[in-house]
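Trainee: Order-wise, the sequence lines are chains A and B. For any residue, its number in my numbering is found by taking its place in the first sequence, counting from 1, and adding 8. For any residue, its number in my numbering is found by taking its place in the second sequence, counting from 1, and adding 2.
Treat the hints loosely; a few may be bogus.
Derived coverage of chain B by chain A (criterion: at least 3 residues anywhere in the stretch with Cβ under 8 angstroms from a Cβ of chain A; other residues may be distant) [unchecked claim]:
hint, stretch
1, 36-49
2, 286-300
One-sided and incomplete, this derived list gives chain B residues near chain A with beta-carbon spacing under 10 angstroms [unchecked claim]:
hint, residue
3, Glu32
4, Pro110
5, Ser112
6, Cys123
7, Tyr146
8, Gly147
9, Thr257
10, Leu306
11, Val315
12, Ala317
Calculated from the structure, these hints are not laboratory results. Just so we're clear, the structure is a prediction, and the values are computed from it rather than from any experiment. Heads up, the beta-carbon is just placed ideally off N, CA and C, and yes, glycines get one too.
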Amino acid sequence: MPEPTVNTAVRQAVSPVSWRRRITDHVMTGVAVLTVVLVLIPLVAIFGYLIYKGVGSLNWAFLTHIPVPEGETGGGMANAIVGSALILVVASVIGVPFGIGAGIYLAEFGRNRLGSAIRFTADVLNGVPSIVIGIVAYAIVVLSQKHFSALAGGVALAIMMVPTISRTTEEMLLLVPQALREAAYGLGIPRWRTTLSITLRTATSGVITGVMLAFARIAGETAPLLFTALGNEYWSGRLPWNSHWQRQPWTLGLDQPTAALPLQIFKYATSPYDDLHRQAWAGAFVLILLIVTSVAAVRYVVRRGTFGAA
Amino acid sequence: MPGPQPVEGTKVTSTSADRATPLLQTSGGEVPDRVFKSAMTVCGLAVLGVLVLIVYELMSGSRLSWHAFGFKFFGGSDWDPVNERFGALPFIYGTLVSSLVALIIAVPLSVGVAVFTTEMCPKALRGPLSFFVELLAAIPSVIYGLWAIFVLVPLLSGYVQPFLAKTLGWTGLFEGPPYGIGMLAAGIILAIMIVPIISSITREVLMVVPQHQREGVLALGATRWEMIRVGVLRNARAGIVGGIILGLGRALGETMAVTMVIGNRPEIAKSLFAPGYTMASVLANEFSEATGDVYLSSLIEIGLALFLVTIIVNALAQLLVWTVTRGQPARGHA
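Whole structure, please, built from the sequences with the hints as guidance.
Mentor: Okay, here's the thing in structure tokens:
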């Protein structure tokens, strides 16, 4: 008589779950929800404070003036904003071509031992603490130039950009269908032309995403700038809009110690003056605005950009 | 590729690409091609070069300190720039303890968030939720520090630390004056910073657990939590540990936020309320002002130690995550 045995097995299987197991289930769901709430609290608190304190502290002087002597109120971070922009441009000019180039190598020529070695190295570099990169930029650039400079800061940040950009570029190029390359070869187009105007072009939006992510990551970096760009209370170059600008030829001051937004935030936040605290919040707000804008741009590009089989 | 000819796959197509090259030689495509390939190779080699450069600069920079102190450098606990006596133990201790505190707080939170987003929450909430958590990763370290100084630290000294001292003071971990600034604050801010890393990797790992694994456990009559515990978490264990170690790697090297709240005193204290110092923050604070070759060299040696530790930790993590997500087409490595 097989009927009863099946029946008990089925009954056991579908029998209402014991209350203990059911309670555990509910409790664990509750715990999971709780963790989400606990994680979102700091996020909300940080953005809340940034907006509340940042917008309140932001004013025209902050954007157009340079710091005033310690203890006085007023002044702003104009030189730090320009300095940050300069350092980021230097970093991008060095880091982006190398990053994309390395990515192209990995995707198109890197199916070998050297390729794997480079891939592994890029991943390792990604995990190196930024302050260590700062030491290296100090040793290479600052020691040979004999003084701190925007260039040294740019080199440090460029080193941080390359691994991210090269890995995302590689991933994006590999997504481009092989048939597209073959079609180009079939038309007699040389390999370099195919890579640049067919493969890379098809993957443009993905590559840009990688670049922007790397940019967003380095834009707020402070540690590698501490002993490379160092910071500066004044303008570091003679620019058309600053007091150094008279009848002399203008210079960017790339070889001079340069102020940067993150450095200034660090310095002001740890200072004892209330007015500087206020400016630190304003600086943080400007910085986060810069980063959120670039991250949003990334998401926009990603959503709009569809290519190949991806 | 819905081509008419039944070709065997990518292997053949790549050789056909190679075969196309000789044809191009006649049309003068060879030289630019070679130039292009060398240029790209140079870019790739630059990545290797940077790593070699880092190792070389750190080693040559720390030679002086290595000759002066040897292995005792890592066991010594005085930090006396005036008499040029340097020991890195307080910094190593501070780095380890602050990272450990961060992990203790961050791991349950991150795993909880990952489980919730992959297994429990409605599909519509999934995207926004992970976006918000990842937004935490986009905030620069210095802004975490700023927030910690003006919001977290007062909160700790006003409410949390007196409470901890009263309830758990007997353990010796929570005693002393509640300044707010100190090891505990550093650990908490680090925890907030590594949650997005651990949770995003955990989520990635949970998502590669095959769906029939879940269905199988549910079909046996398990509740949802039992399904998650037995069918999902147990399968993803190695990957989750990898994510945790990756978070640890980040916490060890984190500089600015920690420097701003840890108190920066090279002391070894049992209480988490006491100020401390980490390897990264001593570099941040003292590197540009280091006078004397041995002083600078000692700092670089700390940098070298930090570099080696983070590399080992990261390699381990990569390996663990890789063992779980291997063979997944979702990662884009065709």
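Trainee: Does each hint fit the structure? Answer for all of them.
Mentor: Here's how the hints hold up against the structure:
no. : hint    : in the structure
1   : 36-49   : holds (count 12)
2   : 286-300 : holds (count 3)
3   : Glu32   : holds, 8 angstroms
4   : Pro110  : holds, 7 angstroms
5   : Ser112  : holds, 8 angstroms
6   : Cys123  : holds, 8 angstroms
7   : Tyr146  : holds, 7 angstroms
8   : Gly147  : holds, 7 angstroms
9   : Thr257  : holds, 4 angstroms
10  : Leu306  : holds, 8 angstroms
11  : Val315  : holds, 8 angstroms
12  : Ala317  : holds, 7 angstroms
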